[in-house]
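Q: Sequence:
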Amino acid sequence: MNIHKTQGVPHSVHRRLPFIAHALELFIGLIIIAVGQNLFATMVGASPDVVPPSVPSNVQVTARSAASIDLTWDASTDNVGVTGYRIFRDGTMLTTSSAPSYTDSGLTPSTNYSYAITAYDAAANESAQSVPVPTSTLADTSPPSVPANVRQTGQTISTVSIAWNASADNVGVSGYRVYRNGTLVRTQVGTSFTDSGLAVYSGYIYNITAYDATNNSSGLSPDFVGSTAQDTTPPSVPDNLRQTAGTVTTVTLAWNSSTDDVGVSGYRVYRNGTLIASPNGTTYTATGLSVNATYSFTVLAFDAAGNASNQSAPLTANSAADTTAPSIPQNLRTTDIKDTSLAIAWNSSTDDVGVVAYKLYRDGVLVASPSTTSYTDTNLQPITGYRYTVRATDAAGNTSADSLALNATTAYDTTAPSIPQNLRTTAQTDSSITLSWDASTDNVGVSGYDLYRGSTLITTTSGLTYTDTGLNVQTGYTYKLRAHDASGNNSVDSVPNNTTTLADHVAPSIPNGLASSATTTSATDVTWNAASDDIAVTGYRIYRNGVFLAATTTLTFSDGALHYGRSYSYEITAVDAAGNESIRSAPLVVSTLPDTTAPTISLQAPTPNQDVKFIIPFTATASDDLELSSVVFAVDGTPVANVVAVPFSYNWDSSRVGNGTHTVTATAIDASGNSTAVNATISVTNPPPPRRGDVNGDYKVNIYDLSALLANWNKPGIGDFNHSGRVDIFDLSVLLSEYGK
Numbered sequence: 000m001n002i003h004k005t006q007g008v009p010h011s012v013h014r015r016l017p018f019i020a021h022a023l024e025l026f027i028g029l030i031i032i033a034v035g036q037n038l039f040a041t042m043v044g045a046s047p048d049v050v051p052p053s054v055p056s057n058v059q060v061t062a063r064s065a066a067s068i069d070l071t072w073d074a075s076t077d078n079v080g081v082t083g084y085r086i087f088r089d090g091t092m093l094t095t096s097s098a099p100s101y102t103d104s105g106l107t108p109s110t111n112y113s114y115a116i117t118a119y120d121a122a123a124n125e126s127a128q129s130v131p132v133p134t135s136t137l138a139d140t141s142p143p144s145v146p147a148n149v150r151q152t153g154q155t156i157s158t159v160s161i162a163w164n165a166s167a168d169n170v171g172v173s174g175y176r177v178y179r180n181g182t183l184v185r186t187q188v189g190t191s192f193t194d195s196g197l198a199v200y201s202g203y204i205y206n207i208t209a210y211d212a213t214n215n216s217s218g219l220s221p222d223f224v225g226s227t228a229q230d231t232t233p234p235s236v237p238d239n240l241r242q243t244a245g246t247v248t249t250v251t252l253a254w255n256s257s258t259d260d261v262g263v264s265g266y267r268v269y270r271n272g273t274l275i276a277s278p279n280g281t282t283y284t285a286t287g288l289s290v291n292a293t294y295s296f297t298v299l300a301f302d303a304a305g306n307a308s309n310q311s312a313p314l315t316a317n318s319a320a321d322t323t324a325p326s327i328p329q330n331l332r333t334t335d336i337k338d339t340s341l342a343i344a345w346n347s348s349t350d351d352v353g354v355v356a357y358k359l360y361r362d363g364v365l366v367a368s369p370s371t372t373s374y375t376d377t378n379l380q381p382i383t384g385y386r387y388t389v390r391a392t393d394a395a396g397n398t399s400a401d402s403l404a405l406n407a408t409t410a411y412d413t414t415a416p417s418i419p420q421n422l423r424t425t426a427q428t429d430s431s432i433t434l435s436w437d438a439s440t441d442n443v444g445v446s447g448y449d450l451y452r453g454s455t456l457i458t459t460t461s462g463l464t465y466t467d468t469g470l471n472v473q474t475g476y477t478y479k480l481r482a483h484d485a486s487g488n489n490s491v492d493s494v495p496n497n498t499t500t501l502a503d504h505v506a507p508s509i510p511n512g513l514a515s516s517a518t519t520t521s522a523t524d525v526t527w528n529a530a531s532d533d534i535a536v537t538g539y540r541i542y543r544n545g546v547f548l549a550a551t552t553t554l555t556f557s558d559g560a561l562h563y564g565r566s567y568s569y570e571i572t573a574v575d576a577a578g579n580e581s582i583r584s585a586p587l588v589v590s591t592l593p594d595t596t597a598p599t600i601s602l603q604a605p606t607p608n609q610d611v612k613f614i615i616p617f618t619a620t621a622s623d624d625l626e627l628s629s630v631v632f633a634v635d636g637t638p639v640a641n642v643v644a645v646p647f648s649y650n651w652d653s654s655r656v657g658n659g660t661h662t663v664t665a666t667a668i669d670a671s672g673n674s675t676a677v678n679a680t681i682s683v684t685n686p687p688p689p690r691r692g693d694v695n696g697d698y699k700v701n702i703y704d705l706s707a708l709l710a711n712w713n714k715p716g717i718g719d720f721n722h723s724g725r726v727d728i729f730d731l732s733v734l735l736s737e738y739g740k
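In case it helps, numbering that gives the first Met the number 0 puts the sequence shown at residues 0 to 740.
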């Protein structure tokens, strides 16, 4: 076939061809006209272009940033024409450019690079590389943008789930830091977080910062207040209500502990339907009961949110019968002696129920049964000696033994001792006052002194000093003193003494006997022995890892906000009403149980025995009882993706493996390394790649492909086989070399 050209118009075809060949000649002629030169001459016998363009010169770096470098160079020359340039970074071809400039982006900050350029023409002739130009990116000093749109996406009674919009960065965001109430609680890659171990129905302030690979950090996001859910679940009903002890006026009860989703705060005890107490523990002693009486008791449990369980099954309990006699009356004495009468008194007896009367004996004969602690025995003989004893009785008829005998003689002595002088305080503490006084005088002899606190006789002594104990802290008391003689003559009261006890500065003893029980992965119970105090212990303070944790009035504490597989140190102090605190106890180290439970996982996609091609999604659902770390997707045992946040999904290019049967594995891994894997067998059926020159993808190179290429001439896209950015003569030569195959 010969084609001649005159003034750019084909005018002669020397031999006829079949229809297809004729059409081919027509299209080739049109191409020659379009380009304005004899480009097709090489196909009909002209000499091929073998001369490469000149080497690009004056390669320069015109701008740099932390992630990009701008290059320019002087244009190359060619005997026909330069088609484009190839840019090489560190010896590896990076891309092509039709213009003598290029911006290389997506680079690493503070990194050295070397660039070289080659020029090529339409015949694929390529120049030598230019002189390499070394350069480097700048250091990254720009922080990411502040995370925006912090929002709450979920809640439970102990967790808050939040999410935020991704930040932007000149190089790339590496991760985020989550702050709760100003304290860093999480560093992660994703834009969502679930905060756990929180207090019920409480609000927390959250802030987020973004950081990049060089640790540039954004500012804090605006305060966002997230909250946990309200506790609406009541504790379980207390069971096994039982009587463990009792007296004539008391019944001691016990029951099994209730359970609660947060924690039981206490219990309410009902007697015959009426609330009588709200103890913290699982025992209670009801007091002030009638002797040998029957009562009905029930118990309910309540939590800190005010949720209360139903009342337990009722328990019928009985107080004991009274078989205990009163104490022996003490300090039997005469308070007035006359010639025909003797006034006798004694200190009150005590009884487990109550003293109802006393029996006074003179010389072994019952003379009176008063209900008070004094009696005047009359119709006696003057100057005569008598022997007295007294017994106490209660309502059940129990009678004490006889008191010590009192020998008294009717009077002839009627002169009282002198008034005690100089009643004074010689010492005082927070619970005691020591008094002294000058001796009184008497015509016969002083036999003793009666000391009163207020109007109450507190002691009778023959000495000149007395210490009053068991007093209240920082409290004022008034004392007065009387002297008496053997005949029962009593002086007038002394001048009163007013004294105040000191403030309490004595701390309780150090608690000991710390022990733990019921330890789980997130909780433990700590108990200890009671401390003592000169006044009284009012409570205890619990310290965990040296930091104050809680206060309680009981001898036990349940800590339910712990992390699995960690050790915690507990110390206890005792406090009194004055705020004095003991030294901390010896530490008790408790280790929570490790996490040994593997996660659960299911593979949603692909499904078993699924036929797949091209890009297919992998999707899995996974969960863990404590903390899930990631889901790893693998194909034929080789990991292809490690997904650390929901949704656990990955788009896999099946063209990376050959057609045939393959195994997809999804493995869930928790923070302790426990893992669970599931498999699915798939069949990859990707079609073979199209032939070079096949524009329309029908696996043939024919007139339809030529038509499509010519329709896109000098444009990017369809038919650009060498990826130069446009369809040109090089692409046409490729198509023609494969034509008919």
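Just so you know, these hints were derived from the structure itself, not from any lab. Do not rely on the hints blindly, as some may be mistaken.
What the hints assert, rightly or not - Computed beta-carbon distance windows for the label pairs: (1) T552 x T596: 31 to 39 Å; (2) I275 x T499: 52 to 60 Å; (3) S373 x G538: 55 to 63 Å.
Stated by the list, open to error - Listed next, the in silico DSS-like pairs over lysine-lysine satisfying Cα-Cα at most 27 Å (straight line): (4) K699 x K714; (5) K337 x K358; (6) K612 x K714; (7) K612 x K479.
Everything numeric in this text was worked out from a predicted model, so none of it was measured. We put the CB at the ideal spot given by N, CA and C, even for glycine.
Q: Evaluate each hint against the coordinates.
A: Going through the hints against the structure:
1. The supplied range of 31 to 39 Å is met by T552 and T596, whose beta-carbon atoms lie about 37 Å from each other.
2. Take I275 and T499: their Cβ atoms lie about 37 Å apart, and the range 52 to 60 Å is violated.
3. Between S373 and G538 the CB atoms are about 44 Å apart, so this pair departs from the stated range of 55 to 63 Å.
4. Distance restraint check for K699 and K714: the Cα-Cα separation of roughly 23 Å lies within the 27 Å cut-off, and the hinted pair is therefore satisfied.
5. The suggested pairing of K337 with K358 holds, with an alpha-carbon distance near 22 Å, which does not exceed 27 Å.
6. Simply put, K612 and K714 have alpha-carbon atoms about 31 Å apart, too far for the 27 Å limit, and the pair is violated.
7. Pair hint K612 plus K479 does not hold up; C-alpha atoms about 108 Å apart against a cutoff of 27 Å.
Hint check: violations occur at hints 2, 3, 6 and 7; the rest are consistent with the structure.
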